[in-house]
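4 protein chains.
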Amino acid sequence: MSNTFGHIFRLSSFGESHGAAVGGVIDGYPAGLHIDLDFIQAQLDRRRPGSTAMGTNRKEADRVEILSGIFEGKSTGAPIAFLVRNSNQHSQDYDSLRNTFRPSHADYTYYSKYGIRDHRGGGRSSARESIARVVAGAFAQLALRELGISIEVFTTRIGDIAIDKDCIFDSQVAQGNELHCPDPAKAADMQALILRMKEEQDSVGGLVHCIVKGVPAGWGEPHALKLQSLLAAAMLSIPACKGFEYGSGFDISLHGSQANDAFFMENGKVRTRTNHSGGIQGGISNGEDIYFNLAFKPIASISREQESVNLQGENCQLLIKGRHDPCVLPRVLPVVEAMTAITLLDAYLLSKTSHL
Amino acid sequence: MSNTFGHIFRLSSFGESHGAAVGGVIDGYPAGLHIDLDFIQAQLDRRRPGSTAMGTNRKEADRVEILSGIFEGKSTGAPIAFLVRNSNQHSQDYDSLRNTFRPSHADYTYYSKYGIRDHRGGGRSSARESIARVVAGAFAQLALRELGISIEVFTTRIGDIAIDKDCIFDSQVAQGNELHCPDPAKAADMQALILRMKEEQDSVGGLVHCIVKGVPAGWGEPHALKLQSLLAAAMLSIPACKGFEYGSGFDISLHGSQANDAFFMENGKVRTRTNHSGGIQGGISNGEDIYFNLAFKPIASISREQESVNLQGENCQLLIKGRHDPCVLPRVLPVVEAMTAITLLDAYLLSKTSHL
Amino acid sequence: MSNTFGHIFRLSSFGESHGAAVGGVIDGYPAGLHIDLDFIQAQLDRRRPGSTAMGTNRKEADRVEILSGIFEGKSTGAPIAFLVRNSNQHSQDYDSLRNTFRPSHADYTYYSKYGIRDHRGGGRSSARESIARVVAGAFAQLALRELGISIEVFTTRIGDIAIDKDCIFDSQVAQGNELHCPDPAKAADMQALILRMKEEQDSVGGLVHCIVKGVPAGWGEPHALKLQSLLAAAMLSIPACKGFEYGSGFDISLHGSQANDAFFMENGKVRTRTNHSGGIQGGISNGEDIYFNLAFKPIASISREQESVNLQGENCQLLIKGRHDPCVLPRVLPVVEAMTAITLLDAYLLSKTSHL
Amino acid sequence: MSNTFGHIFRLSSFGESHGAAVGGVIDGYPAGLHIDLDFIQAQLDRRRPGSTAMGTNRKEADRVEILSGIFEGKSTGAPIAFLVRNSNQHSQDYDSLRNTFRPSHADYTYYSKYGIRDHRGGGRSSARESIARVVAGAFAQLALRELGISIEVFTTRIGDIAIDKDCIFDSQVAQGNELHCPDPAKAADMQALILRMKEEQDSVGGLVHCIVKGVPAGWGEPHALKLQSLLAAAMLSIPACKGFEYGSGFDISLHGSQANDAFFMENGKVRTRTNHSGGIQGGISNGEDIYFNLAFKPIASISREQESVNLQGENCQLLIKGRHDPCVLPRVLPVVEAMTAITLLDAYLLSKTSHL
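Chains as they are written, first to last, in my numbering: chain A, 2 to 357; chain B, 2 to 357; chain C, 2 to 357; chain D, 2 to 357.
No wet-lab data here; the hints were simulated from the structure.
Keep in mind that the hints are not guaranteed to be accurate.
No copy is singled out in the list; a pair is fine if it fits within one copy or between any two copies.
[Claimed, not checked] Heads up, simulated DSBU-like pairs for lysine-lysine below, C-alpha to C-alpha not over 35 Å straight-line:
{"#": "1", "residue 1": "Lys322", "residue 2": "Lys270"}
{"#": "2", "residue 1": "Lys322", "residue 2": "Lys75"}
{"#": "3", "residue 1": "Lys75", "residue 2": "Lys166"}
{"#": "4", "residue 1": "Lys270", "residue 2": "Lys214"}
{"#": "5", "residue 1": "Lys353", "residue 2": "Lys166"}
{"#": "6", "residue 1": "Lys75", "residue 2": "Lys214"}
{"#": "7", "residue 1": "Lys166", "residue 2": "Lys214"}
{"#": "8", "residue 1": "Lys353", "residue 2": "Lys214"}
{"#": "9", "residue 1": "Lys166", "residue 2": "Lys270"}
These numbers come from a predicted model, not from an experiment.
Can you make the complete structure from the sequences, with help from the hints?
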């Protein structure tokens, strides 16, 4: 069950970075929806290596092939299987890893757990697995669109360069730069930092802010399947994600009398004056914007020499070849968007069962 | 499924704060374990209202009754059902709420979702549901103990009073104060702040640090059931929890060359020089200490007059009676400990299935 | 997960026959339904020991206590916990079993699996666990009633006494006897056979026929959760059930040209001329009556001396004391009804998610 | 979730008969097992159309392609994705079905449920979906073999030709005919009947007997996941399966004193004198052979004119073209074998978690 996300809307993903293909099977997708395949491919293109100067020079075509579940342009209710063939593999780049564990990677833990060393590009733990997330997320977004829901993801910090606290999250401004950062000047600094890291064979982390508009009150289940639990689990499953906070999150500077979100009526609708709750109360959406922040660590794959151990249990030095991103941003943004969509569509479908 | 935690070791909980009882059914608990009922009651006593001057004056006996699954002192493999009867209920305290939603509570969202207003003390969303978590967590801890695993939970901040960055997490020092804070001087300040909040009919939030020692490499499943995803989902399901970070978390000040945890051999065991990974790599434990931080918002129930709306969709003023804690700490500490234990025992049992 | 039935509407049950109580937690019950507690108790009364001369002389009060999930007479959407205290326990009757396995019982297999011998009345494998099924089934029936669905269960055979093939399943006729057999003359013979078995300290098996009316087309999921799979799994989980067939079942005497159910229109509705499909095609209901047959073996607990082995791995003779039914019918009828209701309500709730 | 079998060892399948491909994703397969790809292809060849004179004349190559989860000949613990491309599609054969529902098929129920008519060869409900079952079953069998378990499937009846009650299930005899029938003379009669049906454009049903040897005591979970429930659900999910019975099943002619399986010791092992229990007691294997019977209805696709209705809700006549088997046997035998293996490997892995 470890490779399946979701309860009603479910993604079972598969594939290693240097195997034949990566992909997934989507189950529980609502029947009768028009499927815009161009949108799905476009979402996938956003996470493609080589799409930005800030990333790796690897070029991958990454064309998605749909194998089932769609007939005459519509979802049929049957599972939707899809795959993306792997290509442009420089497996020999990874030969030096056959015998050695990369620091802060999943190499050692996979080997401990399974007793198998698939050294080619991280195998299953490669960021390439996010292809399945992005495709499934695009399907989810097609459904959420019909419900009037939009998801937007912004870069708010790279290394020690952060946007100001009162910066406004303006989509149009953000679309002006590849990091989808709402402050253009800061965006330029962030990009310069990432390029410097690339040059220095180092890497840098970043923070991401996600806003969801249009979710009505009533999504999310109490207790074990609270909306924030579902979102946190989805986000922390993204490689390199180290933290999740929603609403006021780790900022506990306010007292209750200041932090409580007062209710008031607006045009016949219950609203809140502030939104420290981040759109979720008691695990259930309250109709306000849902928002959360994520922390991404610096990518572990750097080309500097590092201290490590080998399969024989000896200390050794490691020099990783291969072509790596110096920062998980901006390519992780569509992955965050996708996992948000996957989580929300599942929450919506679950919410349909609370009444006869 | 929304009230069930876990995959193999599972807790299905039930109960409203002013109903007949709260409790749960534990399924998948390993057979043949000696059950120390005193330990279970002792854990429950730690979360009991009235156990500290910092909390509410409500007194609740909270004696756990085990209904099944234990025979001659040992777990039988059958489900373990337990309950705690509710008593000392001042339901009339809540009469003013029959018609009004408390700000930053689950009142409005439950009503939106279910169309029912159970106004008595928060109903299902009451912190009293954590009784089931603590009892199930105590069972899990009995099993984890046999595997040599210990869990410790510390208060690291209340409002704007925080321990120093380099403060050492010394259990014995922490046991000297009710907040289990590793800095005794700060602990005193924190307690004073909480008492001041109580006096001012206000509330305050806090941060919690949890350390797990003794988990071997190999727990946690890749992809959808990564150990950090399971922990985050469990923690964010605790009422008032707003954020989760593990290892370096939201602190992204270091570059990859500094943040990577170099491997080395120590007494025939693979170790890491640093532990920015927080004991988890690629979703799987690596044998180092697992640690994470949690943010808890100020408790929403305060006795000051607040702006709100009523069931008729009118703006109104609300004055909450009842007896409330001014801070979710220190009573949330055993709940964090419990949810950690529940998550880890489940992860352990799952990990047993990765080989024939 | 082994003690939880269902996907959306879920029953997690607990309890041993000679423990403190048996009961369960229902999750996923639709909110806002009026709960007729008298109906629930009445259903429970139908399976009570001592309710018929054909059964054991044990008398059990079996009053159900609801602990949560209902407020002011309505379901709230929160889990519904319930329990029935055990009483009238003659645990000493079972002392002879402490050391010996009863033939064709679960004694040896539980001991093999768990390494624990809970010898008191079968422990968890006791038919007393069906209390939880009947209570949860009654809740499900309250919901199904609102959807216009009725479930009826008939005895069609006891030992070698069977109703005729062309016997009509007339409810009113069946209500005239405790076996709910549609042929009154055969019913009398069946009862006489059961009473003779009781006298001879022997037991006898029987067949059950269940008809569900009112299920619209579209319930049941294709592939892994086909309606017949869900029903079969539910029925075969009932102690002593050895076989399940739906529609034409094991009768394969007809060729395809005779067995196919021709479609035709009736009052604007798609109907079938015959119903060899038993109301299910491709795993999904087609709007016709759903019907299936079940086989129940003779109860394994008989008071004659039997050959067995003991915990020390020695051959031995066993004489079971205690008060046992000579036939699982008629008391299993409400259990079949309950498991049918549990399965159907779950299937209905799942079916709500196939569209946006 | 409707297209996923299993709890720990899981198969998520996909594909329509006239789509691009059918296949599946296997999750939870134990790591480190040597994968014999020739065995997997050989199992698949057994269910291939055109493999027997008794079946359709359709020829399909059905080569399985493995996309992930295997490295250097061994399972890695990662999901194993596989697919079989569809070919030799005569979609135009199905044009007459675009507008009409085939009697006793899933056409009408799928349309009722999803509002979509994928008329090409049954779409998702096609028997071609069993390819995924057979491939996953072959993987399961590779694992079960290492545990010393064997599964054998026999034809015991076709139409009104049945083997004698006391016929011995001798593998070598059965291997002498395509129906794997233990009585060679009856096998010839059965084959003649099937060929006659083919000629008459009719179809016929059959019964199947499955025996599993080598399962130790302790597999299967009590209550909701009893071994017989898991097996029944798996078997009844196979297209055309109408009934399941294990052990004595629907034969209730014996009284308890005759039907109980007396225990005795043999070479230090607990055995039973008879095996009316079919190797399962209280839902858990007892170490004896597990055996069960299945009923398969006559295939619904026949080329005679039939009465039906169309999408416009009008009565009409239907003449199905296309190339169909006159009997689901013998090609269903490897599917039964596969579903048995899938169920048992899952039960084994679950059973590993009952102890610390």
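Numbers of the earlier hints that this structure fails to satisfy, in rising order: 3, 5
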